[in-house]
Amino acid sequence: MYEKDGERYFVVDTHMHYWNAAPDNWVEGAEQYAKGWIECFYGYHGLGPEDTRWPMDKYQKYSEEDLMRDVFDAGHVDVAIFQPTDLREWYKEGFNTTERDATLFEKHPGRFILNTRWDPRDGDDGLKTLRHNVERWGCKGVKLYTAEWRQGSRGWKLTDPEAYRYLEACQELGIRNIHAHKGPTIWPLDKDAFDMSDIDHAATDFPGLNFIVEHSGIPRIDDFCYMATQEPNVYAGLSVVVGALMHARPRFFARCMGELLFWVGEDKMTFGSDYAIWEPKWQVEGFVDWDYPPGAEFDDYPRVTVASRKKMLGLNAARLYDIEVPVECRLAPQQGTPAARDDSVAVTAESPSA
Amino acid sequence: MSTDGGAVLAALETVRDPELDEPITRLGFVASCTVSAAGDARVRLRLPTYFCAPNFAFLMVADAYDAVSGVPGIRHAEIVLDGHFASDTINTGVAAQAGFVHTFAGEAVAELDRLRADFLRKAVLAGTDLVCRPLLAAGTAIGELAALTLGEVPPSPELDRLRRRRSELGLPAGDADPLLIDPATGAAVGVDALPLHLRRARATRVGIEANAGICRGMLRVRYDTRGEGET
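First to last, the protein sequences are chains F and E.
Using numbering that gives the first Met the number 0, the final residue of the first sequence is 353, and nothing's skipped along the way.
Using numbering that gives the first Met the number 0, the final residue of the second sequence is 230, and nothing's skipped along the way.
Source of the hints: derived by calculation from the structure; they are not laboratory data.
Note that the Cβ used here is the ideal one computed from N, Cα and C, for glycine as well.
One should not assume that every hint holds.
Below, a sample of chain E positions facing chain F; criterion: calculated Cβ distance under 7 angstroms [what the hints assert, rightly or not]:
#, residue
1, Phe50
2, Tyr64
3, Ala66
4, Leu111
5, Val205
6, Arg221
Kindly generate the complete structure, drawing on both the sequences and the hints.
What follows is the structure in structure tokens.
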């Protein structure tokens, strides 16, 4: 919990990792990709405040102690949600797998929510693994990374028929939250890999599931806004939006927030630190203090209140994941309903299950 | 006839990052640019990450090849993209003028014209915001804006750029053509649809500019040298 000016903020970090990208985990023959991947992450890391930057060797593989201190002791986070990314083509034991995250999930009860992942190209075996993970760890969410390389394939779409089998399995298994993350490659390579129309289709076809678009679609935040504004079950994940812009490019951050608040709405935006890309401490503290800078260019964006920040920092995610919020951190009834599906401008009472 | 590096750099100034709609020189993507006395140009390009989207990377390398090859006095152009997962594939494919489909055989089904046009349409939308926002701030009413033609808008570099982008797409860009058009169809935008159209134009501009900010920041983390023509 974070307290500032007498207000108590319940913080859910909806997007964080416990990865191992050290050289001894690089797959032989794929070293350049394993190295390139973590160096790309390190580039993002460099957009945070200078005094929060790590040396590369620690960044490649940090310890359980680092994570517990940075996220919970120093970082103000109440509950953190693991979002696995496997990348087994490049990392021997995977980059940030469900199994690796599970070691901390099991050791520190109540601290973490463990999401798992699936890849439609894994076929029936992947469905079995998904079922097993849900039974073993009670997973209620999945992270989907569409640009994962697999045996010569450069990625997949949520509208692939195999992906629909998995989405049906999610519904059946009680998984409600689909965290979708687009990457730079997909088949075929001539298409825009960051295009989100497949998420749009899937969200329409699976109204019972929530689709949290990670990084709010960056680098397609504009396309994301037009899509999310019409879909009652599409949410904006704020990881990277906060981490990459709030410190490095504060005016762009304010404009991105303004657009998201206008099109998607404060009930449908969820904070995520993307740890260990960035530590949560400066992000949470900065977000609570944040408001638009002076300037006419920000005048017609929706205003931000204490209640807005409380929703985005934790209450929306708590609702999506059924996390019990302490009484002193809840909103008064007149302050609105966190995670309300009808907050987006173009969602109406006629929209399915708004 | 001898050619200096300045002419080649000027040619590279015409090559844009299709997503960011800015010249690759100003973005810092040109690591070096040299020309021999005999007219052999060597250009090294770099990008903010190892995993930048390969289709856009290919477009920039191919466009740079075409632009430099077209400079009078250049006998041979060598364009090398450094530090990208597909560097070898792209460099070889562009040098052989093989096109995208052949360069990424089995992984691509079409050339990149449609992708480029999609992003030009975004550039038109973002450019619309750049041109309209000062007009609105100066008191132009929404109804007046909808009736304006390009020739009636006060001259500015932003207006010139908007007209050039519209021309590239084959959209109407003459003095008598409307300022506000649908970038997909070229049809004029009516008064009723205008508020949402302007909102979309602004969101598009915010998206492009935020991406450019992130790309510049990451390039700075990755390389501690300034690019040729970087601003």
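Hints versus structure:
no. : hint   : result
1   : Phe50  : 5 angstroms, holds
2   : Tyr64  : 18 angstroms, violated
3   : Ala66  : 22 angstroms, violated
4   : Leu111 : 6 angstroms, holds
5   : Val205 : 5 angstroms, holds
6   : Arg221 : 5 angstroms, holds
Consistency with the previously given hints fails for numbers 2, 3, ordered from lowest to highest.
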